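Visitor: Here is how the chains run, residue by residue.
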Amino acid sequence: MAELKLIGFLCNWCSYAGADMAGTARLKQPGELRIIRMPCTGRVDPLLVLKAFQEGADGVLVSGCHPGDCHYNEGNYYARRRLELLARMLPAFGIEPERFEYTWVSASEGARWAQVVDDFTTRIRMLGIGDEPTVAKQPDDQRTGEERAVNE
Amino acid sequence: MNSYAYFPGCSLTSSAGEYDTSFRLIAEALGIGLDVINDWNCCGASPAPHHWSGNLGVLLPARNMHIAGYAHDAMVAPCAGCYNRHKNAQYELAGSEELREQAARVLREPVRYEIEILNLVELLVREVEPDELASRTEGRLEGLNLATYYGCLMTRPAKIMNFDNARNPVSMKPLLKATGAEAGHFPFKSECCGSYMGLAKKEIVLRASRRIIEVAEGMGFDAIVTACPLCHQNLDLRQGQINKAFGTSIEMPILYFSQVLGLALGMSADDLGIDSHMVSAQKLLGKIGQGDRAADKSTEVA
Amino acid sequence: MRVGVFVCQCGTNIAATVDTEKVVSAALAMRDVQHAETIQYTCSDPGQRAIVDAVQKKGLTRVVIAACSPRMHETTFRRTVTRAGMNPYMMEMVNIREHCSWIHSDIDTATDKAIDLMRMGVARVRGQAPLNSTTVPVTRRVLVIGGGVAGIQAALDIADAGLPVTLVERGPSIGGNMARLDKTFPTLDCSSCILTPRMVEANQHEDIDLMVNSEVDSVRGYIGNFEVDIRRKATCVDEDKCTGCMICQEKCPGKAPDEFNAGVGESKAISIPFPQAVPMVAAIRKEHCRQFIKGKCGVCEKVCPADAIDYEQEDTIVTEKFGAIVVATGYQTYDWREAYPDYGGGQYPDVITSLQYERMLSASGPTGGHVKRPSDGEEPKQVVFISCVGSRDESVSRPLCCSVGCMYTAKQAILTKEHIPDSQSYVFYIDIRAGGKGYEEFTRRAQREFGAIYLRGRVGKIYPSGGKLIVMGTDTLSGGPVEVEADLVVLATGFDSAPGAAKLAQKLNVSYDQYGFFSESHPKLRPVETTTGGIYLAGACQGPKDIPDSVAQASAAAAKVIGLVSRGELETSPMVAEVNQARCTGCFKCRDVCPYSAIEAVALRDGREVAGVIDSLCQGCGVCNVACPPAVISLKGYTDNQLIAETLELLR
Amino acid sequence: MFHKLAGLPWPLSVNQIHKGIGDGEFSVSLGDWEGVPLSIRVSASVAGGAEVVADIERRSGERVSACYQCGRCTSTCTGAFAFDYPPHRIMRLLQLGQVDEVLNSRTAQLCFDCMTCSTRCPMGIDVANVIEHAKMIADERGIEGGEKDIRRFRLAFLQNVRRHGRLHEARLLTWFNLSRLKPFNDFALVPVILRRKKVHIVPPKIKNREEIHRIFREVNGNGKSGDERHGNEIKAGGGAE
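Chains as they are written, first to last, in this note's numbering: chain Y, 1 to 152; chain C, 1 to 302; chain S, 1 to 652; chain B, 1 to 241.
No lab work stands behind these hints, which were simulated from the structure alone. Bear in mind the structure is a predicted one, so any value in this text is a computation, not a measurement. Among these hints, one or two may not hold up.
Unchecked claim - When the alpha-carbon atoms are kept at most 20 Å apart in a straight line, the in silico EDC-like pairs for lysine to aspartate or glutamate are as follows:
| hint | chain 1 | residue 1 | chain 2 | residue 2 |
| --- | --- | --- | --- | --- |
| 1 | S | K468 | C | E217 |
| 2 | B | K207 | C | D39 |
| 3 | S | K507 | Y | E74 |
| 4 | S | K321 | S | D207 |
| 5 | S | K468 | C | E214 |
| 6 | Y | K28 | S | D106 |
| 7 | S | K507 | S | D217 |
| 8 | S | K286 | S | E314 |
| 9 | C | K173 | S | E338 |
| 10 | C | K244 | C | E217 |
| 11 | S | K507 | S | E320 |
| 12 | B | K207 | C | E109 |
| 13 | S | K22 | Y | E3 |
| 14 | C | K244 | B | E57 |
| 15 | S | K255 | S | E287 |
| 16 | B | K148 | C | E203 |
| 17 | S | K381 | S | E485 |
| 18 | Y | K28 | S | D19 |
| 19 | Y | K28 | S | D108 |
| 20 | B | K207 | C | D35 |
| 21 | B | K205 | C | D39 |
| 22 | S | K560 | S | E529 |
| 23 | C | K159 | S | E394 |
| 24 | C | K202 | B | E144 |
| 25 | S | K589 | Y | E74 |
| 26 | B | K182 | C | E203 |
| 27 | S | K503 | Y | E74 |
| 28 | C | K202 | B | D186 |
| 29 | S | K251 | S | D307 |
| 30 | S | K233 | S | E314 |
| 31 | Y | K28 | Y | D118 |
| 32 | C | K159 | B | D186 |
Input sequences plus hints: build the corresponding full structure.
Guide: Here you go:
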């Protein structure tokens with residue numbers, strides 16, 4: 001088991017393909033990151049990110065298409081709005097914002113993906129294991145007004 | 001009035017005295033204050049970095065920067081060589097704790113090396129508004145076509161000097177245009193003149209410099225404008241040797257950037273030390289109505 | 001729930017760094033996992049059979065396959081489990097090759113990761129429900145963007161199959177860059193002699209609707225059902241009336257740059273770009289036309305015998321539906337001037353690009369096929385060719401090889417000798433790339449039969465001297481610097497993507513690389529598909545290419561299009577959004593955010609208005625899923641519960 | 001017409017390929033030029049060379065392997081005509097681990113670091129910097145590569161600086177010329193220089209020379225300019241070529 005637990009939510013069309021390309025090019029990368037494939041970063045629910053931290057993730061990386069290149073026209077714009085808001089709120093939940101990153105990697109940027117993973121992992125390695133999360137546990141299907149704000 | 005720490009360097013105190021003189025003159029005229037760095041020492045020039053793991057090339061300039069740093073946050077080194085060496089030293093000091101410690105041991109206190117280092121062109125571009133200059137020069141140099149010559153040391157290596165575009169430097173142009181002169185495309189603006197090989201391997205200098213002056217002459221320039229004493233030495237002092245060696249008869253005046261601005265500001269060729277050059281600038285001076293002034297000291301062919 | 005886990009070894013691709021047996025035992029230790037095994041090559045026939053057998057013998061209801069990227073084989077294995085009688089969507093793929101074995105060298109790291117990913121896959125597939133795809137009809141019309149040789153070829157192939165095609169060209173004539181070439185390598189065929197007939201054919205084909213001076217404004221919809229706005233730019237000439245007599249061009253007083261001739265010579269404000277233009281219709285370039293600059297002139301209107309001139313004409317937007325789109329927007333030659341000050345940066349008239357030289361060589365070009373120095377009109381005797389200008393040069397961020405420079409330079413060296421028998425050509429090259437059929441022989445001929453002197457080295461500097469140009473280069477083979485005194489220098493400039501390529505890619509939602517070339521879906525196996533279904537690539541818009549490759553790719557794209565459109569209808573992905581209408585509050589946040597307006601208001605029996613998803617429109621991005629405050633709209637296959645389960649499994 | 005300016009015999013031809021000089025060794029001879037055999041030996045020395053090359057890469061921070069031999073560095077190299085190996089060949093030799101050839105080359109002595117090659121390299125390699133570090137290693141090993149003058153000039157220069165804290169050009173000129181028994185080199189310039197008031201007769205001295213001496217001591221551990229370390233102290237009349 002890798003010491004650190006890093007989760008990556010990647011959009012299927014750009015970043016996941018970019019990660020594939022990095023693999024095909026055999027670009028060596030640190031081993032902590034586990035990738036979850038998403039149709040679009042627009043599907044990445046800020047609550048899912050919080051949930052990950054709450055359950056002990058040491059870092060969460062969300063990566064999608066470059067602005068303007070979204071396979072679904074504007075999915076990544078929604079993602080950007082939501083996730084930037086989330087990033088700003090993380091300290092309120094007792095999570096260092098440095099543990100969260102939202103970036104763009106296109107299908108042809110294998111090298112860039114490898115770089116992103118490398119930088120992100122190194123950064124989290126320096127931060128070390130995350131503290132016991134302070135987010136109050138709650139069922140997945142009910143949300144507070146504040147979190148609703150995160151969504152839109 | 002902005003004032004700068006001034007590092008003349010060895011050449012400006014001897015063989016390139018006129019560069020020093022002309023620089024001080026225009027600095028005064030343009031309201032730029034210069035305070036010579038107290039008890040400055042040689043920067044080590046090209047030889048220093050080649051010996052004893054190169055640290056000599058860092059510690060000699062370090063002392064100057066350290067002294068200059070007392071009273072100023074920017075220093076000017078008109079000699080491209082000194083400028084280059086100081087910038088390099090600064091770069092290496094910034095990057096190495098060990099070097100900073102060495103410097104501290106020598107200087108007996110923590111080294112001050114963050115001072116901003118400017119070359120002459122950089123300084124003037126910063127201090128002088130082209131339009132303002134134009135209004136003072138009244139187009140005195142109209143009719144001249146000047147070859148801007150940057151050489152190597154002002155712009156290279158690009159990542160350390162980060163002055164102008166190393167592949168195609170252009171900084172001199174706006175100010176020269178403000179004098180009324182033309183500054184046409186000069187393809188050899190950043191080719192090397194042969195550097196310090198003049199003594200040890202003269203043929204290198206003769207070949208390299210020959211091409212530069214030949215191209216300038218071929219393209220009909222009235223003079224080559226430089227901001228480096230070593231380039232000046234190779235192009236001017238050795239022009240006679242070049243003609244001799246290759247059986248050519250080139251007569252291409254080599255002027256310092258400061259001298260050109262001086263002329264533009266109405267100073268006399270003599271005051272600017274143009275008469276101390278090997279290659280006569282009479283033709284050029286004639287074109288701007290100073291021909292009669294300086295008595296013709298025709299060039300000795302060395 | 002009975003889950004089966006299959007761990008692919010992919011020969012040694014995976015097995016070399018991932019201990020697949022360990023993964024299997026880890027799987028067997030998991031709840032619900034009834035079966036787990038390693039397979040040497042899962043995609044192979046025996047591999048797939050093994051899965052079918054296991055499913056049937058052990059009555060598996062869910063399958064996890066840990067192998068390569070799902071982008072590679074998801075469809076393959078969906079078919080496999082379908083053959084075994086399962087619902088295709090009850091199979092989950094886990095990527096332990098591209099994302100694991102290939103990027104790690106340490107076996108423990110890779111194995112741990114593979115195990116995690118497998119466990120996450122299992123957790124996810126547990127929450128998976130059977131999905132059934134529906135079908136939508138496919139529009140029987142195809143859009144081809146770009147009227148170069150690739151676009152023409154694609155359009156003709158598709159139209160010949162009986163499918164109506166709209167061929168959109170930005171410029172005033174089709175023909176593209178090939179129409180500007182004099183001869184083609186390695187056969188020295190006359191370029192326009194072989195291209196012109198195809199251009200005419202495309203224009204006359206009853207199933208091809210040709211739109212010149214037109215551009216794609218916006219694209220909506222998805223595979224099988226695109227809706228495209230095409231802007232027909234005002235040319236102030238009535239296409240139907242203009243007879244192409246060119247009197248207007250003769251009489252026009254307004255000078256204008258000659259784009260077609262790459263700036264060699266001049267053109268008029270109203271013009272037909274070249275004699276073989278198709279369609280043979282004049283067009284006014286307003287920015288150069290006196291009527292528009294000065295507000296008075298009207299010469300062309302007076303002289304036009306067909307009275308086809310209409311200064312009032314305005315852009316119009318045509319909206320059409322298409323089943324598929326072929327992108328063939330081609331390339332432009334690299335603009336070298338900024339990046340190569342050492343070559344004069346455009347200061348020396350006698351340093352020209354290969355395309356300009358091509359126009360000089362062309363009998364129908366501005367010099368009537370006579371090679372002349374731009375500076376003094378003299379015939380050059382010493383011609384220097386410089387390869388790789390804007391290619392293989394990281395310092396100007398063009399590390400790529402233009403793939404044709406070596407060949408067209410050899411061609412131009414040969415043609416130079418033919419035009420000027422007493423001339424001498426020098427070619428500075430770095431490597432001779434002559435991979436195609438008959439190419440190597442061709443470059444040899446240039447040297448052996450036509451006496452071109454090849455010098456292996458990149459030129460450092462060019463400067464003028466006594467009316468000539470001195471080229472400072474190197475011949476690395478003899479080991480040192482060399483200089484050539486040249487009358488004319490021809491720069492073999494590289495390929496850049498067509499202007500606005502990136503913008504178009506964004507309109508089409510296809511991915512593109514840092515140079516603006518469109519990315520194929522898979523470099524080996526899906527070379528003409530894009531990442532977006534229903535959109536295909538042809539020619540140099542995908543990367544530097546020569547004519548035969550462009551034409552071949554165009555036909556390949558055409559074949560794909562015909563295959564798609566002729567089927568008539570299309571399976572849609574069932575991974576669409578779904579509303580739990582009982583709990584929907586009808587706030588319609590989902591409708592606001594949906595990029596495809598796939599959500600409509602539905603009235604329930606009790607009169608409440610709630611959200612409903614139009615399956616045929618929903619593309620499954622999941623934006624609505626996140627936007628829904630009470631979380632009652634969810635994307636099938638990516639439900640909150642599945643994603644959370646997957647996350648928790650890792651963090652457990 | 002096509003003329004060789006480089007001073008290299010044109011055309012150079014591959015004369016012969018000797019095989020089996022030793023285990024797995026062969027060498028390509030390109031004939032010779034001004035007595036310098038233009039030949040490379042690909043051999044076991046690659047092994048030993050590799051470390052030095054790695055060292056050069058580490059010190060200079062440049063990737064020698066990135067060079068694809070386009071030769072642009074050589075095209076406008078200011079000194080190439082006087083070098084035995086033009087820059088692109090130095091890069092090639094390093095790629096092949098031919099360190100001895102590089103360290104003993106005239107190029108390693110003569111290259112005066114004008115960095116023209118560096119600004120034009122399409123791969124963004126600072127070629128001059130690479131040669132620079134080869135030069136330093138050569139210096140550390142006291143190699144003069146048949147170009148005594150260059151090293152002598154540099155040492156004379158530094159000697160001069162060490163003594164006065166500043167450069168005394170006139171003295172440098174004379175001293176250097178004496179040191180290689182060419183006392184009248186550039187002599188013709190002297191009267192001119194004097195007439196044009198271009199030199200001090202009295203050497204310029206700085207006040208705090210002690211600090212300068214400390215600097216020299218700091219870099220080479222002794223009060224002298226460290227020539228002893230390389231066993232060739234500068235003295236007038238030191239053997240010239």
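Visitor: Taken at face value, is the distance from the CA of E338 of chain S to the CA of K173 of chain C at most 20 Å?
Guide: 17 Å, holds
Visitor: Check the hint pairing K468 of chain S with E214 of chain C against an upper bound of 20 Å on the C-alpha distance.
Guide: 14 Å, holds
Visitor: Holds or violated: K507 of chain S with E320 of chain S, Cα cutoff 20 Å?
Guide: 15 Å, holds
Visitor: Would you check the hint for K244 of chain C and E217 of chain C, treating anything up to 20 Å between C-alpha atoms as holding?
Guide: Holds, because 17 Å separates the two Cα atoms, which is no more than 20 Å.
Visitor: Hint check: K28 of chain Y vs D106 of chain S, CA-CA at most 20 Å. Holds or violated?
Guide: 10 Å, holds
Visitor: Given the hint that K251 of chain S pairs with D307 of chain S, does the C-alpha gap stay at or below 20 Å?
Guide: With a Cα-Cα distance of about 15 Å, the restraint between K251 of chain S and D307 of chain S holds, given a limit of 20 Å.
Visitor: Are the Cα positions of K503 of chain S and E74 of chain Y separated by 20 Å at most?
Guide: 15 Å, holds
Visitor: Does the alpha-carbon distance linking K28 of chain Y and D19 of chain S stay inside the 20 Å limit?
Guide: 18 Å, holds
Visitor: Keeping to a limit of 20 Å between CA atoms, is the pair of K321 of chain S and D207 of chain S held or broken?
Guide: 15 Å, holds
Visitor: Given the hint that K244 of chain C pairs with E57 of chain B, does the C-alpha gap stay at or below 20 Å?
Guide: Not satisfied, since the Cα-Cα distance of roughly 43 Å exceeds 20 Å.
Visitor: For K286 of chain S and E314 of chain S, compute the direct alpha-carbon distance and say whether it is at most 20 Å.
Guide: Distance of about 12 Å is within 20 Å: holds.
Visitor: Do the alpha carbons of K28 of chain Y and D118 of chain Y lie within 20 Å of each other, as the hint requires?
Guide: 9 Å, holds
In summary, the numbered hints that this structure violates are 14 and 32.
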